[in-house]
Amino acid sequence: MAEALSIDKNAATVEGSAIRGEKIYAQARKIIPKGVTTGSSTHNIQRCDLEANAYAVIAKPLRFLSSPKK
Amino acid sequence: MAGVAQGKVLQFRRTGEDETTTGENVAFIPIPIRLSQGMAQTFSLVYRTYEGTITTEAPQFQVFSYSLPPAGVQEKELSELRERVRTLEEHLATIEKERDSKVVVLRPISREDAKTEILRLFQENHAEILDYGIIAERLQLDLQIVVDVCNELEQEGLIG
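Protein chains in written order, with our numbering: chain A, 608 to 677; chain B, 497 to 656.
In case anyone wonders, no lab produced these hints; they're calculated from the structure.
In this text, all values refer to a predicted model and were calculated from it rather than measured experimentally.
Ideal Cβ positions, reconstructed from N, Cα and C, are used throughout, including at glycine.
Keep in mind that a hint or two might mislead.
Mimicking EDC-like on lysine to aspartate or glutamate, the simulated pairs with C-alpha atoms at most 16 Å apart in a straight line are [as the list claims (entries may be wrong)]:
id: 1; chain 1: A; residue 1: Lys637; chain 2: B; residue 2: Glu594
id: 2; chain 1: A; residue 1: Lys616; chain 2: B; residue 2: Asp644
id: 3; chain 1: A; residue 1: Lys637; chain 2: A; residue 2: Asp615
id: 4; chain 1: A; residue 1: Lys667; chain 2: A; residue 2: Glu629
id: 5; chain 1: A; residue 1: Lys616; chain 2: B; residue 2: Glu633
id: 6; chain 1: B; residue 1: Lys593; chain 2: B; residue 2: Glu613
id: 7; chain 1: A; residue 1: Lys667; chain 2: B; residue 2: Glu585
id: 8; chain 1: A; residue 1: Lys667; chain 2: B; residue 2: Glu594
id: 9; chain 1: A; residue 1: Lys630; chain 2: B; residue 2: Glu594
id: 10; chain 1: B; residue 1: Lys598; chain 2: B; residue 2: Glu648
id: 11; chain 1: B; residue 1: Lys611; chain 2: B; residue 2: Glu650
id: 12; chain 1: A; residue 1: Lys641; chain 2: A; residue 2: Asp615
id: 13; chain 1: B; residue 1: Lys611; chain 2: B; residue 2: Glu652
id: 14; chain 1: B; residue 1: Lys611; chain 2: B; residue 2: Glu576
id: 15; chain 1: A; residue 1: Lys637; chain 2: A; residue 2: Asp656
id: 16; chain 1: B; residue 1: Lys611; chain 2: B; residue 2: Glu648
id: 17; chain 1: A; residue 1: Lys667; chain 2: B; residue 2: Asp644
id: 18; chain 1: B; residue 1: Lys611; chain 2: B; residue 2: Glu594
id: 19; chain 1: A; residue 1: Lys630; chain 2: B; residue 2: Glu592
id: 20; chain 1: A; residue 1: Lys641; chain 2: B; residue 2: Glu648
id: 21; chain 1: A; residue 1: Lys641; chain 2: A; residue 2: Glu629
id: 22; chain 1: B; residue 1: Lys611; chain 2: A; residue 2: Asp615
id: 23; chain 1: B; residue 1: Lys593; chain 2: B; residue 2: Asp627
id: 24; chain 1: A; residue 1: Lys616; chain 2: B; residue 2: Glu624
A short list of chain A residues far from chain B (calculated; beta carbon distances all over 12 Å) [what the hints assert, rightly or not]:
id: 25; residue: Val621
id: 26; residue: Ala625
id: 27; residue: Thr645
id: 28; residue: His650
id: 29; residue: Glu658
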């Protein structure tokens, strides 16, 4: 799967990088649920770990442009 | 004299009613009982010791059948058991959900073919807003290929 890791060459691979979004698509060989957090600012936030060939991208609404932008 | 039975009610009939209400699972609900004086005095003992059917001339109930919780099982234990069953049911639902989760078979196609198919999908659904997840699911493509191709199509001004 090393090839799969390099398909999206724009993907950030720097350790410590963070992504934030309203909706994030993610995939990995192993997804480990970590339960629900509690507390004032993180109430009901669910956590999970993505392990092995993990990849995530923030969802972006796209549609066909009838007249291509130049 | 009055009392409260907390047992599994199988059958009862109210005074003045012709029909007998029967239900196997009318379980562990408090049932106010009015019994004749002699029975009311030993009502708590009745609840704990009697099994089977009581037929009484009580003013509220003409026929009262019930089964008791197993000996030694108190309300607290029943409450704990209910909670454990509820937890197990939740876990079971999660396991069943995971078991039934869809397996997506990705199609091994070239990047150029993927680009053609993605562009065609946008053209055929020009009024619809799509995103990476929808495209990857509909075309059974790897998410990374979809993102990469979409970025390229965006740069070419075909989608946006």
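Hint by hint, here is what the structure shows:
no. : hint                  : result
1   : A:Lys637 <-> B:Glu594 : holds (13 Å)
2   : A:Lys616 <-> B:Asp644 : holds (8 Å)
3   : A:Lys637 <-> A:Asp615 : violated (20 Å)
4   : A:Lys667 <-> A:Glu629 : holds (10 Å)
5   : A:Lys616 <-> B:Glu633 : violated (21 Å)
6   : B:Lys593 <-> B:Glu613 : violated (31 Å)
7   : A:Lys667 <-> B:Glu585 : violated (37 Å)
8   : A:Lys667 <-> B:Glu594 : violated (27 Å)
9   : A:Lys630 <-> B:Glu594 : violated (21 Å)
10  : B:Lys598 <-> B:Glu648 : violated (29 Å)
11  : B:Lys611 <-> B:Glu650 : holds (12 Å)
12  : A:Lys641 <-> A:Asp615 : violated (28 Å)
13  : B:Lys611 <-> B:Glu652 : holds (12 Å)
14  : B:Lys611 <-> B:Glu576 : violated (58 Å)
15  : A:Lys637 <-> A:Asp656 : holds (8 Å)
16  : B:Lys611 <-> B:Glu648 : holds (9 Å)
17  : A:Lys667 <-> B:Asp644 : holds (13 Å)
18  : B:Lys611 <-> B:Glu594 : violated (32 Å)
19  : A:Lys630 <-> B:Glu592 : violated (25 Å)
20  : A:Lys641 <-> B:Glu648 : violated (36 Å)
21  : A:Lys641 <-> A:Glu629 : violated (20 Å)
22  : B:Lys611 <-> A:Asp615 : holds (14 Å)
23  : B:Lys593 <-> B:Asp627 : violated (25 Å)
24  : A:Lys616 <-> B:Glu624 : violated (28 Å)
25  : Val621                : holds (17 Å)
26  : Ala625                : holds (18 Å)
27  : Thr645                : holds (18 Å)
28  : His650                : holds (20 Å)
29  : Glu658                : holds (16 Å)
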